Amino acid sequence: DTGVSQNPRHKITKRGQNVTFRCDPISEHNRLYWYRQTLGQGPEFLTYFQNEAQLEKSRLLSDRFSAERPKGSFSTLEIQRTEQGDSAMYLCASSSGDVGNTIYFGEGSWLTVV
Amino acid sequence: GNSVTQMEGPVTLSEEAFLTINCTYTATGYPSLFWYVQYPGEGLQLLLKATKADDKGSNKGFEATYRKETTSFHLEKGSVQVSDSAVYFCALSHTGTASKLTFGTGTRLQVTL
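Residue numbers (the working numbering), protein chains in the order written: chain A, 1 to 114; chain B, 115 to 227.
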């Protein structure tokens, strides 16, 4: 078990460009989450998948953000027309839905919009 | 709604000192409670958890007890090490909300020799 894997780990992009992050969850975990963390703050929930179905999206997820999990395995998070306020760490997490639903996080993808 | 409140940091301690990081929560029903740790430049690692009242979670010398009567889940360690320097996040998970986590703002711990 290799844990939750995210890439790229770091991305610097110019304002207005599109970026995409990929997440590979722990194998056989059917739940996948995306969170955003800014400096000095705790992670904030963005969206949640149960297998390939996106079941919940936060109000934080504007129309410029889209997440997919086409085959119920890996997931992508795309940000279109990036803004400086999008600079943050984007964390992916997965769980199996066990008792207590322990959620395991990846190491995150840092985004810097210049 | 659900919320988590942690003591503000930074907390600075000498090695081998006793650590307490306070955490209280607001939630309906019976959430599960977690402590996560984040080392510089890294993602979050689960430190310990408790799924029902009076449960004690423990790991690596850290422990926390789920206190429903005081809605608290304080993190403690008897003797901290320099390697414990990190940011600690208290979080709750409620089964009625897709089990997603609600985090506190984090408490930075710095341990010096």
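Simulated from the structure, these hints should not be mistaken for lab results. Quick caveat, the model's predicted, so the values are computed rather than measured. All C-beta atoms in this analysis are idealised placements derived from N, C-alpha and C, irrespective of residue type, glycine included. A few of these clues could be false.
[Unchecked claim] Chain B residues, not near chain A, derived (Cβ > 12 Å throughout): (1) T126; (2) F132; (3) L133; (4) A141; (5) T142; (6) Q159; (7) K163; (8) S172; (9) H188; (10) G192; (11) Q195; (12) S213; (13) T216; (14) G220; (15) R222; (16) L227.
[Said to hold, decoys possible] Now the in silico label distances, taken between C-beta atoms and shown as ranges: (17) R59/A x P124/B: 27 to 33 Å; (18) T219/B x K14/A: 42 to 48 Å; (19) Q17/A x R222/B: 42 to 48 Å; (20) R22/A x L227/B: 26 to 32 Å; (21) T38/A x K182/B: 46 to 52 Å.
Hints and how they fare:
With 12 Å as the threshold on Cβ separation, the claim that T126/B sits away from chain A holds: the shortest Cβ distance comes to roughly 17 Å. Distance check for F132/B against chain A: the nearest CB is about 25 Å away, which clears 12 Å, and the non-interface claim stands. Here L133/B stays apart from chain A, with its beta-carbon at least about 19 Å from theirs, past the 12 Å limit. Annotated as non-interface, A141/B keeps its C-beta farther than 12 Å from every C-beta of chain A; the closest such distance is 14 Å.
With a least CB separation of 17 Å from chain A, T142/B remains clear of the 12 Å interface cut-off, as annotated. Not every CB of chain A lies more than 12 Å from the CB of Q159/B, the least distance being 7 Å, so the non-interface label is violated. The Cβ of K163/B sits about 6 Å from the closest Cβ of chain A, inside the 12 Å cut-off, so the non-interface label is violated. With a least beta-carbon separation of about 15 Å from chain A, S172/B lies farther than 12 Å from that chain, consistent with its non-interface assignment.
Listed as a non-interface residue, H188/B keeps its Cβ farther than 12 Å from every Cβ of chain A; the least gap is roughly 17 Å. Under the 12 Å C-beta cut-off, the non-interface status given to G192/B relative to chain A holds; the minimum distance is some 25 Å. Q195/B, annotated as away from the interface, keeps every beta carbon of chain A farther than 12 Å; the closest lies near 23 Å. Once the 12 Å rule is applied to beta carbons, S213/B is inconsistent with being away from chain A; the minimum gap is 4 Å.
Under the 12 Å C-beta cut-off, the non-interface status given to T216/B relative to chain A is violated; the minimum distance is some 7 Å. Non-interface call for G220/B relative to chain A: violated, since the shortest CB-CB distance, roughly 5 Å, does not exceed 12 Å. With a least CB separation of 9 Å from chain A, R222/B falls inside the 12 Å interface cut-off, contrary to its annotation. Look at L227/B: its CB is around 26 Å from the nearest CB on chain A, clear of 12 Å, so calling it non-interface holds up.
Checking the proposed 27 to 33 Å range against R59/A and P124/B shows it holds: the Cβ atoms sit about 31 Å from each other. The supplied range of 42 to 48 Å is broken by T219/B and K14/A, whose beta-carbon atoms lie about 30 Å from each other. One distance hint, 42 to 48 Å for the beta-carbon pair Q17/A and R222/B, is violated here, with the actual separation near 33 Å. In this structure the supplied range 26 to 32 Å is violated for R22/A paired with L227/B, their Cβ-Cβ distance being about 41 Å.
A hinted range of 46 to 52 Å is violated for the C-beta pair T38/A and K182/B, which are about 32 Å apart.
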